[in-house]
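Residue numbers (the working numbering): 5 to 111.
Source of the hints: derived by calculation from the structure; they are not laboratory data.
Keep in mind that the hints are not guaranteed to be accurate.
To be verified - Restraint ranges, calculated between C-beta atoms of paired labels, are given here:
1. Ser52 x Ala74: 33 to 43 Å
2. Ala51 x Glu89: 12 to 22 Å
3. Asn65 x Pro18: 29 to 39 Å
4. Glu22 x Ser103: 14 to 24 Å
This structure is a prediction, so every number in the text was calculated from the model and none was measured.
Virtual Cβ for every residue (Gly too), placed ideally from N, Cα, C.
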Amino acid sequence: MSNIAIWVKVKVKPEGLEKFLHAIEVDALGSEQDEPGCMRFNVLQDASDDLTYYFYEVYENEDALAAHRAAPHYAVWSAARDTLEGDIEITRTATVFPSDQSYWSKG
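Could you put together the complete structure from these sequences and hints?
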């Protein structure tokens, strides 16, 4: 069984950077701490563009992804979308390796 993995790319307006970083930290930490179906939520900064960020998110299944989008910390992130420049780029994938599901477990 594979999990749902999402790769998100955003570009942040310079004047919105502080608000963005607070909101995405709330969402990422809340996702990993409060959502049993969220296996991973990493936030990365582009090495050549300080205003481009990537999120790598892994969810157990569709229900876990829906629970994520209904969580209070997701609302914090949603309220900060005005800090973004341009469209949010989302690539939906499935995990392949490690194939051992225990790797993705939180325990």
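For this structure, which hints from the list above don't hold up? 4
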